[in-house]
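> Listed below, chain by chain, are the residues.
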Amino acid sequence: MKRLIAFLFLLCSSIYADDLQFSDAIPVTLNKPGVFHHMDASGRKNIAISKTHVAVVWEDNRSGKPQIYTAFKPLTSSRFTKALQLNSSDHDAYEPTLLAIDKTTFLYAWEENQRVWLKMVTGNKAGFTLQLDRQRSSQISLAKTANGKIYAAWIQHIKQQSQVVISEIKINKQQLLFQPAVIVDTQTSHRRQNYPSLVAVNNTLVIGWEDRQHGHTRIYTSYSIDGKSFAKKQLLNDFIPPPNPEFGRGTGATRVALASDENNKVAAVWMDKRDFLGGYDVYAALSTDAGKSFGPDEKAQDMLGENLPQWHPAIAMTASGNIIVAWDDPRDDSPDIWYSQRTVEGWSDDEAVSPASGAGAQSSPSIAFDPQGRLHIVWLHQMLQGTALRYAYQQ
Amino acid sequence: MINLNMDVRKLLSFILLLFACNSFAEAPKGYPFVSFDQGFKQAQQSNKIIFLYFGRYGCGWCAKTNAVTFSQQKIKKLFTQNYELVYIDAESGNRVTLPTGERITELELGARLNAFATPLFVYMEPNGKTIFRAPGFKTADDFIGFDQYIQGKHYQKMSIGEFLKTQ
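Residue numbers (numbering that gives the first Met the number 0), protein chains in the order written: chain A, 0 to 394; chain B, 0 to 166.
Hints are supplied without guarantee of correctness; some may be wrong.
[What the hints assert, rightly or not] Using 25 Å as the maximum straight-line C-alpha spacing, the simulated DMTMM-like pairs for lysine to aspartate or glutamate come out as follows:
{"hint": "1", "chain 1": "B", "residue 1": "Lys128", "chain 2": "B", "residue 2": "Asp146"}
{"hint": "2", "chain 1": "A", "residue 1": "Lys64", "chain 2": "B", "residue 2": "Asp36"}
{"hint": "3", "chain 1": "A", "residue 1": "Lys231", "chain 2": "A", "residue 2": "Asp332"}
{"hint": "4", "chain 1": "B", "residue 1": "Lys63", "chain 2": "A", "residue 2": "Asp348"}
{"hint": "5", "chain 1": "B", "residue 1": "Lys40", "chain 2": "A", "residue 2": "Asp89"}
{"hint": "6", "chain 1": "B", "residue 1": "Lys73", "chain 2": "A", "residue 2": "Glu245"}
{"hint": "7", "chain 1": "A", "residue 1": "Lys169", "chain 2": "A", "residue 2": "Asp184"}
{"hint": "8", "chain 1": "A", "residue 1": "Lys64", "chain 2": "B", "residue 2": "Glu101"}
{"hint": "9", "chain 1": "A", "residue 1": "Lys81", "chain 2": "B", "residue 2": "Glu101"}
{"hint": "10", "chain 1": "A", "residue 1": "Lys64", "chain 2": "B", "residue 2": "Glu105"}
{"hint": "11", "chain 1": "A", "residue 1": "Lys158", "chain 2": "B", "residue 2": "Glu25"}
{"hint": "12", "chain 1": "A", "residue 1": "Lys227", "chain 2": "A", "residue 2": "Glu245"}
{"hint": "13", "chain 1": "A", "residue 1": "Lys158", "chain 2": "B", "residue 2": "Glu105"}
{"hint": "14", "chain 1": "A", "residue 1": "Lys158", "chain 2": "A", "residue 2": "Asp91"}
{"hint": "15", "chain 1": "B", "residue 1": "Lys128", "chain 2": "A", "residue 2": "Asp237"}
{"hint": "16", "chain 1": "B", "residue 1": "Lys40", "chain 2": "B", "residue 2": "Glu25"}
{"hint": "17", "chain 1": "A", "residue 1": "Lys64", "chain 2": "A", "residue 2": "Asp91"}
{"hint": "18", "chain 1": "A", "residue 1": "Lys81", "chain 2": "A", "residue 2": "Asp101"}
{"hint": "19", "chain 1": "A", "residue 1": "Lys298", "chain 2": "A", "residue 2": "Asp348"}
Keep in mind that the hints were calculated from the coordinates and are not lab data.
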């Protein structure tokens, strides 16, 4: 009955956007029993696109331990290169991300042995690996400003605190250098912060993170015009107090991801548990002033996903400001990848990514637009005895 | 009178604040809850059923279950004696090792279990096979019924719903 009501409501309130037509699924990696792939970068940036190439980064345990790998291809090619391992130690490594630097150069970052690391790769030539932080650190995110400055933001764990810090990265003749890290939120005395997502909009840095300071998870944002000092943090998600103030501190909002365009627009997406009976929903908010303020929370998914939890929301924006979010949910019994586009009337009806739906379980999408405004998507295809990574692009 | 009212208000606020500080909804106090990996390791040795408490930081129903149900001595005795107790922080990036060897975060474990609400209580065999899941606030009587189902090994013959109808 609930589904019927939702369907009837939907018929009356649909927002249409042109469906995206995707290529067939292209393998990034193949399935091997016992090998498990993961794409869970802070901010969900596991795919990046330069003017000519697309690169994907992930973690898998093919060597017996979680390690970091990349594969790439020219935009015009239908085959990815063989996987290139990025880290070289025997320690476990997790949550890699990447950033396009120029046509064939990508900057990679990840957590390994409880520290964050960087490496630059040009073509299939890997540069030196740089340890970014001597403190225990994790959950790194990268961004590049319009004037070419590169920044990394991550979580630094000191004693009982976990705090977002940021550092400028410099590239000098294939050498990576970094400035001392600065704390983003200097106004909070005891920081419990996680999973930052960093973007640049023109030359302004905008950062979002999840914060446990108030006894539950909230999403905060801040911005900086010089990469050294940040504006006072602002609450992004609506605060929903607990129904009974005796118990609990509020609903949860987690795993924020940001995207930006070239015209001062920044969009955020996150998992939000304000409807605690239906699991996490996908919520979004938009800034049109380079992250100085965000508009009201917007539910990005449609009513047909209402009674099910949504997971792994990712976001991408074209240079001209078209916004799309993608996630996975099991509304057709097993997880598939769904997307919604933001139109002038609001968020469009949810559509399945055709090559990432149907038999099997498809999850953990990461998305990016190429310079021509075509969407590229990579996701995890789960099989009975392991996983594989698959990719498709908008035709 | 005005001053007295203000003092009372301040005192009440202080008491509320104290209470609130204890209502973040983490693992119930005084119970031997351990990490997922440690709990599985212990279950291999003890052969006890694993009781997985899937809670969210700040979750009201988790806090209520802790305050109303897990605070009871008989429940503490039942869980401490009969189960390996595992607490999962539903939004955390802490890593767990699944029986397949796969390493995932605690949030990802929620995605795999399609945990749509917290608290979610999952009873598992020592090999990681799920016996049944019970979402939402639970009373002491609920947990005592579940315990009879588990300890009597009725799960080998019937679902929890069928079992509870026979009680």
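> Compare the structure with each hint and give your call.
Verification of the hints:
1. B:Lys128 / B:Asp146: holds, 17 Å
2. A:Lys64 / B:Asp36: holds, 16 Å
3. A:Lys231 / A:Asp332: Roughly 43 Å between the alpha carbons, so the hint for Lys231 (chain A) and Asp332 (chain A) is violated.
4. B:Lys63 / A:Asp348: violated, 37 Å
5. B:Lys40 / A:Asp89: holds, 23 Å
6. B:Lys73 / A:Glu245: holds, 24 Å
7. A:Lys169 / A:Asp184: Status holds; Cα separation ~23 Å.
8. A:Lys64 / B:Glu101: holds, 9 Å
9. A:Lys81 / B:Glu101: holds, 23 Å
10. A:Lys64 / B:Glu105: Holds. Lys64 (chain A) to Glu105 (chain B) sits at ~18 Å (cutoff 25 Å).
11. A:Lys158 / B:Glu25: Holds: Lys158 (chain A) and Glu25 (chain B) sit about 19 Å apart, inside 25 Å.
12. A:Lys227 / A:Glu245: violated, 41 Å
13. A:Lys158 / B:Glu105: Between Lys158 (chain A) and Glu105 (chain B) the Cα gap is close to 21 Å, so the pair holds against 25 Å.
14. A:Lys158 / A:Asp91: holds, 22 Å
15. B:Lys128 / A:Asp237: violated, 38 Å
16. B:Lys40 / B:Glu25: holds, 22 Å
17. A:Lys64 / A:Asp91: holds, 6 Å
18. A:Lys81 / A:Asp101: Distance of about 21 Å is within 25 Å: holds.
19. A:Lys298 / A:Asp348: Answer holds: Lys298 (chain A) to Asp348 (chain A) is near 11 Å, not above 25 Å.
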